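Engineer: Everything in the sequence shown is counted per the working numbering, starting at 1 for the first residue and increasing by one.
Note that these hints are calculated values from the structure, not bench results.
Here the structure is a predicted model, which means the values were calculated and not measured.
Think of the CB as a built atom: it goes at the ideal place given N, C-alpha and C, for glycine as much as any other residue.
There could be a bad hint or two in this list.
[What the hints assert, rightly or not] Just the calculated beta-carbon pair ranges, DEER-fashion:
| hint | residue 1 | residue 2 | range |
| --- | --- | --- | --- |
| 1 | Asp45 | Ala72 | 16 to 26 Å |
| 2 | Asp43 | Ala72 | 36 to 46 Å |
| 3 | Thr88 | Ala55 | 26 to 36 Å |
| 4 | His37 | Ala96 | 42 to 52 Å |
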Amino acid sequence: MSEPKLPAALNGPISAGTRTEVLLRLRRIEGQVRGIHKMIEDDRDCRDVVVQLAAIKASIASLNTLVAETYAQECLCNADQIGSSDVTGLLDLLKAAR
1 MSEPKLPAAL NGPISAGTRT EVLLRLRRIE GQVRGIHKMI EDDRDCRDVV VQLAAIKASI
61 ASLNTLVAET YAQECLCNAD QIGSSDVTGL LDLLKAAR
């Protein structure tokens with residue numbers, strides 16, 4: 001999948017307020033992945049592994065939504081600086097985040 005193209009004015013890092021939450025969620029996801037690694041090493045039942053993989057998938061989807069929503073809110077707060085092509089790029093980003 002190709003990366004959505006955004007105007008340079010809309011590119012930027014995750015806001016400081018969201019950064020801590022994102023890092024906490026990433027640490028939790030890392031722990032989940034390590035847990036699955038151990039489950040496989042310990043020959044745990046495949047159903048248990050699938051359940052944990054689904055949990056990781058949901059965690060990543062939720063994190064992706066958080067980052068995309070935060071980005072959209074920050075861009076829309078500066079709505080006077082956003083043109084129609086910027087809005088199209090932003091919508092492409094949100095679609096890619098799904």
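Engineer: Work down the list of hints and note, for each, if the structure agrees.
Structural biologist: So, going through the hints one by one against the coordinates:
As the Cβ distance of Asp45 to Ala72 is approximately 41 Å, the hint placing it in 16 to 26 Å is violated. The hinted range of 36 to 46 Å is satisfied by Asp43 and Ala72, whose Cβ atoms lie roughly 44 Å apart. Checked against the given bound of 26 to 36 Å, the beta carbons of Thr88 and Ala55, roughly 34 Å apart, stay inside it. At roughly 28 Å, the beta carbons of His37 and Ala96 sit outside the given window of 42 to 52 Å.
Consistency with the previously given hints fails for numbers 1, 4, ordered from lowest to highest.
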